[in-house]
Amino acid sequence: MNFKEIQELIRMVSKSDLTVFKLKDKDFELTIKTNKNGAPVVQHSIAPVISPVQAAYPTPVIQAVAASPTAKIENGDSPTNKNYLEIKSPMVGTFYRAPGPDKPPLIKVGDQIDLGSKVCIIEAMKLFNEIESEIKGTIVKVMVEDSTPVEYDQVLFLVEP
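For the sequence shown, the numbering used here begins at 4 and goes up steadily by one.
If you're looking for bench data, these hints aren't it; they were derived computationally from the structure.
If you're wondering where the values come from, they're calculated on a predicted model, not measured in any experiment.
One thing to keep in mind: the hints can contain errors.
To be verified - Pairs of lysine-lysine residues, derived as DSS-like cross-links and limited to a Cα-Cα distance of at most 30 Å, are as follows:
| no. | residue 1 | residue 2 |
| --- | --- | --- |
| 1 | K144 | K129 |
| 2 | K36 | K129 |
| 3 | K121 | K106 |
| 4 | K129 | K111 |
| 5 | K106 | K91 |
| 6 | K111 | K7 |
| 7 | K18 | K139 |
| 8 | K85 | K139 |
| 9 | K139 | K121 |
| 10 | K85 | K144 |
| 11 | K91 | K111 |
| 12 | K139 | K106 |
| 13 | K111 | K18 |
| 14 | K121 | K27 |
| 15 | K18 | K7 |
| 16 | K91 | K36 |
| 17 | K111 | K121 |
| 18 | K139 | K111 |
| 19 | K85 | K36 |
| 20 | K106 | K18 |
| 21 | K25 | K85 |
| 22 | K18 | K36 |
| 23 | K18 | K121 |
| 24 | K27 | K91 |
| 25 | K85 | K111 |
| 26 | K36 | K106 |
Claimed, not checked - Here are the computed distance ranges between Cβ atoms for each label pair:
| no. | residue 1 | residue 2 | range |
| --- | --- | --- | --- |
| 27 | D28 | G113 | 35 to 43 Å |
| 28 | Q115 | R14 | 20 to 28 Å |
| 29 | K25 | T151 | 14 to 22 Å |
| 30 | A101 | D20 | 37 to 45 Å |
| 31 | K36 | P164 | 32 to 40 Å |
| 32 | K111 | N5 | 21 to 29 Å |
| 33 | F131 | N5 | 30 to 38 Å |
Idealized CB from N, CA, C, for every residue including glycine.
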């Protein structure tokens, strides 16, 4: 990772609501923490932190869990009597609903999704990662605005099984 890439990461973290950002890549580890004022504090080290197998085959994972009963759904409806599943972000990056600015969204509210359906794209380190669903159901709510930063494990979509 070069100096300009580190500067760009610091700039992105300081503009976001993140308080801690960790990056591990082969022998390089970078941690960016923000203080009370949002100013970044950077720590780094060089140490083996990832196995060659993990580096060769990175696989993003989307977890499906029951939504909290206090979550808000469209039009202010409460899902207290519904058991919605969540599709969460497997990484830190920028969330995109469509594969390009002139392309339609991959999915919309009301769409049926199956296992392996492409639901969004997350850009991380100038790489565009297509995120696939590991659950089956109907999209009830898109929880993130297009072209906005997302954190690891942040809820992206609510799905009715």
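These are the hints, each one checked on the structure:
Using a Cα cut-off of 30 Å, the hinted pair K144 and K129 holds, with the two alpha carbons roughly 27 Å apart. At most 30 Å may separate the alpha-carbon atoms for a hinted pair to count; K36 and K129 meet this at roughly 21 Å. Annotation: proposed proximity of K121 to K106 holds, straight-line Cα distance about 14 Å (limit 30 Å). With a CA separation close to 25 Å, the supplied pair K129 and K111 stays within the 30 Å bound.
Taking the CA atoms of K106 and K91, the gap is near 23 Å; set against the 30 Å cutoff, the hint holds. A threshold of 30 Å between alpha carbons decides the hint, and for K111 with K7 the separation of about 36 Å lies outside it, so the pair is violated. Restraint check for K18 and K139: not satisfied, since their Cα atoms lie roughly 35 Å apart, outside the 30 Å limit. Only pairs whose Cα atoms come within 30 Å are accepted, and K85 paired with K139 is accepted, the gap being roughly 16 Å.
Of the supplied pair hints, the one linking K139 and K121 holds, its CA atoms being roughly 12 Å apart against a limit of 30 Å. A C-alpha spacing of about 13 Å is found between K85 and K144, which places the hinted pair at or below 30 Å, so the restraint holds. Using a Cα cut-off of 30 Å, the hinted pair K91 and K111 holds, with the two alpha carbons roughly 16 Å apart. Straight-line distance between C-alpha atoms of K139 and K106 comes to about 24 Å, which keeps the hinted pair within the 30 Å bound.
Proposed proximity of K111 and K18 is supported: the alpha carbons are some 28 Å apart, at most 30 Å. Between K121 and K27 the alpha-carbon distance is near 26 Å, which keeps this suggested pair within the 30 Å criterion. This hinted pair checks out: K18 and K7 have alpha carbons roughly 17 Å apart, not beyond 30 Å. Restraint check: the Cα-Cα separation between K91 and K36 comes to about 22 Å, which is no more than 30 Å; the hinted pair holds.
Pair hint K111 plus K121 holds up; C-alpha atoms about 12 Å apart against a cutoff of 30 Å. Annotation: proposed proximity of K139 to K111 holds, straight-line Cα distance about 15 Å (limit 30 Å). Only pairs whose Cα atoms come within 30 Å are accepted, and K85 paired with K36 is rejected, the gap being roughly 37 Å. Annotation: proposed proximity of K106 to K18 holds, straight-line Cα distance about 27 Å (limit 30 Å).
Restraint check for K25 and K85: the C-alpha separation of about 35 Å exceeds 30 Å, so the hint is violated. With a C-alpha separation of about 12 Å, the suggested pairing of K18 with K36 holds against the 30 Å cut-off. For the hint pairing K18 with K121, the CA-to-CA distance comes to about 28 Å; that is within 30 Å, so the pair holds. In summary, the hint linking K27 to K91 is supported, as the alpha carbons are separated by about 20 Å, within the 30 Å threshold.
Restraint check: the Cα-Cα separation between K85 and K111 comes to about 20 Å, which is no more than 30 Å; the hinted pair holds. Our distance criterion of 30 Å between C-alpha atoms is broken by K36 and K106, whose separation comes to about 35 Å. With their beta carbons about 39 Å apart, D28 and G113 fall inside the hinted range of 35 to 43 Å. Look at Q115 against R14: about 39 Å separates their beta carbons, and that is not inside 20 to 28 Å.
For K25 paired with T151, a C-beta distance near 20 Å keeps the hint of 14 to 22 Å intact. Here the CB-CB span from A101 to D20 is close to 24 Å, at odds with the stated 37 to 45 Å. Hint check: K36 to P164, Cβ distance near 38 Å, so the stated range 32 to 40 Å holds. A hinted range of 21 to 29 Å is violated for the C-beta pair K111 and N5, which are about 39 Å apart.
Evaluation of the 30 to 38 Å hint for F131 and N5 yields a failure: the beta carbon distance comes to about 20 Å.
The structure shown violates the earlier hints numbered 6, 7, 19, 21, 26, 28, 30, 32 and 33.
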